[in-house]
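**Q** Sequence:
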Amino acid sequence: MGLSNDIQNIRGVVTVQIEGFFTERFINLCKINNIKIWEIRNVVKGVIRFKINIKDFKKLRMVARKTKCKVSIKKKEGLYFTLFKYRKRKIVFFLIAMAIFFTIAFSTFIWNINIEGNERISREEIIESLKESGLYIGRCKIGLDKKEIINSLRVNMTDISWAGIEIDGTLATVKIVEDTKLDEKDIQNNKIGDIIAKKDGVITRIVPEDGTAMINENSYVEKGNVLIQGTMFSKFVEPFDVTAKGIVKANCEYEYENTYNYNNIIKDYTGKTRYTIGITVNSKENMLNYLNKSKKYDISKSSKKFNFFGIEISFDLYKCVEYVENEVIKTREELIQESNKDIEMYLNNDILPNTINGGLVDKKIVYTDTEEGVTVKTIYIINEDIGEFKERNVEVTNEQYTN
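Residues in the sequence shown are numbered from 1 upward in steps of one, following the working numbering.
Some clues are possibly wrong.
Simulated pairs of lysine-lysine, BS3-like, Cα-Cα distance not exceeding 25 Å [as the list claims (entries may be wrong)]:
1. K75 x K267
2. K305 x K293
3. K305 x K141
4. K304 x K341
5. K191 x K364
6. K390 x K199
7. K296 x K272
8. K305 x K267
9. K245 x K267
10. K76 x K141
11. K341 x K267
12. K319 x K295
13. K301 x K272
14. K75 x K45
15. K363 x K223
16. K267 x K330
17. K146 x K131
18. K319 x K293
19. K305 x K272
20. K51 x K68
21. K31 x K66
22. K390 x K198
23. K74 x K58
24. K131 x K141
25. K198 x K74
26. K377 x K364
27. K199 x K301
28. K45 x K55
29. K284 x K267
30. K199 x K131
31. K59 x K76
32. K59 x K70
33. K223 x K272
What follows is a list of derived Cβ distance ranges for each label pair [unchecked claim]:
34. V47 x F109: 38 to 46 Å
35. G138 x D241: 47 to 55 Å
36. K36 x F101: 33 to 41 Å
37. N218 x R123: 41 to 49 Å
38. F101 x N354: 46 to 54 Å
39. K36 x N289: 37 to 45 Å
These are computed hints drawn from the structure, not numbers from a lab.
Idealized CB from N, CA, C, for every residue including glycine.
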């Protein structure tokens with residue numbers, strides 16, 4: 001019921017004004033005759049306005065004659081009136097027809113391929129192998145043999161033990177199961193190598209499980225230095241190679257610097273939004289621009305991409321949100337508060353998530369006043385694991401590292 005009403009509203013809605021002495025009787029007769037009206041409101045005494053579907057508008061004549069009310073149209077909305085307005089512009093209808101035709105035609109092609117289940121095998125490798133097997137972007141769905149494609153894919157990629165293809169509209173989803181491989185720890189256990197530093201820092205803890213520690217605690221190391229050498233030394237037997245294992249933690253420095261100005265331009269959104277369309281051909285963007293050049297807009301774009309015989313085409317919808325720029329003057333205390341929020345955000349969003357078992361040890365903040373504002377420089381000291389296993393591909397000598 002609700003969907004049917006929405007479709008009727010799209011076809012055409014009229015805002016009607018009724019003038020007369022019997023407006024209440026007019027509304028009652030509309031109800032009796034099953035004439036649907038809504039958003040009824042009094043303008044002044046004896047004058048009311050309401051909305052009505054275009055298909056029910058002619059029924060008002062009978063009610064108007066009985067109540068001796070004057071009927072006038074104040075506003076027209078809907079697809080019917082839009083098409084009627086441009087009825088003499090044949091090119092518009094031609095373009096609409098072409099758009100419908102191409103939409104239906106393009107829906108018979110595959111325009112996006114989604115890969116699920118791959119962990120070791122890259123998406124690019126699978127896409128390339130699918131292309132050789134007969135499934136690619138721009139491929140027509142008519143006559144597509146999924147079983148043949150799967151068999152060809154498994155022949156081309158021996159790392160795949162099972163594969164399946166599901167097609168939903170223009171999206172093809174390829175699900176795969178990879179052959180079972182040794183995990184990273186098992187691979188490391190079968191290789192001779194060392195634990196090296198993956199970043200600079202001051203060693204706070206080094207505990208070798210297998211191998212020999214080459215760095216003392218409180219020593220500064222640079223990225224690439226050997227921390228635990230994969231060689232065991234003894235007074236009783238000759239040195240022999242092992243897989244280096246152990247824990248290495250260090251204090252590492254991170255730096256964040258930003259400048260905050262007293263005078264700032266902020267955006268106040270007016271609440272007005274415009275939409276426009278465009279087309280992009282091989283990365284060349286063409287937007288139908290009817291925006292007011294004296295106003296400012298935040299523009300966001302959503303696109304539907306197609307690959308048509310090697311030509312990349314995308315139909316774009318632009319959302320343009322209007323705003324005005326206002327100047328705001330902040331105090332030094334407000335700038336400091338703003339910087340403190342950024343400092344914490346940088347620590348929690350950019351540093352800690354990218355460290356292994358990382359924790360904040362110290363934080364040094366330096367404020368430098370300038371004519372325009374305040375420059376804030378922050379140095380974070382993070383204690384984290386910096387050891388990284390590296391397979392040995394050259395002979396390592398028993399060189400003593402200077403601490």
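**Q** Mind checking the alpha carbons of K59 and K76 for me, to see if they're no more than 25 Å apart?
**A** holds, 17 Å
**Q** Does K267 sit within 25 Å of K305, going by the straight-line distance between their CA atoms?
**A** Given pair K305, K267 is violated - Cα atoms ~32 Å apart, limit 25 Å.
**Q** Do the alpha carbons of K74 and K58 lie within 25 Å of each other, as the hint requires?
**A** Status holds; Cα separation ~16 Å.
**Q** Between the alpha carbons of K76 and K141, is the straight-line distance 25 Å or under?
**A** Not OK: K76 and K141 at ~43 Å, beyond 25 Å, violated.
**Q** Need the status of pair K304, K341: alpha-carbon distance at most 25 Å?
**A** Roughly 38 Å between the alpha carbons, so the hint for K304 and K341 is violated.
**Q** Can you confirm whether the C-alpha distance between K198 and K74 stays at or below 25 Å?
**A** violated, 73 Å
**Q** Hint check: K75 vs K45, CA-CA at most 25 Å. Holds or violated?
**A** This hinted pair holds, its Cα atoms lying about 21 Å apart.
**Q** Quickly compare the C-alpha distance for K363 and K223 to 25 Å and report which way the hint goes.
**A** holds, 22 Å
**Q** Between the alpha carbons of K296 and K272, is the straight-line distance 25 Å or under?
**A** Since the Cα atoms of K296 and K272 sit roughly 11 Å apart, the hinted pair holds (cutoff 25 Å).
**Q** CA of K223 to CA of K272, is that 25 Å or under?
**A** Answer violated: K223 to K272 is near 53 Å, above 25 Å.
**Q** 38 to 46 Å was suggested as the range; check whether the CB atoms of V47 and F109 agree with it.
**A** violated, 57 Å
**Q** Given the hint that K319 pairs with K295, test it: the Cα-Cα distance must not exceed 25 Å.
**A** holds, 15 Å
Of the hints listed earlier, those the structure fails to meet are numbers 1, 2, 4, 5, 8, 9, 10, 19, 25, 27, 28, 29, 30, 33, 34, in rising order.
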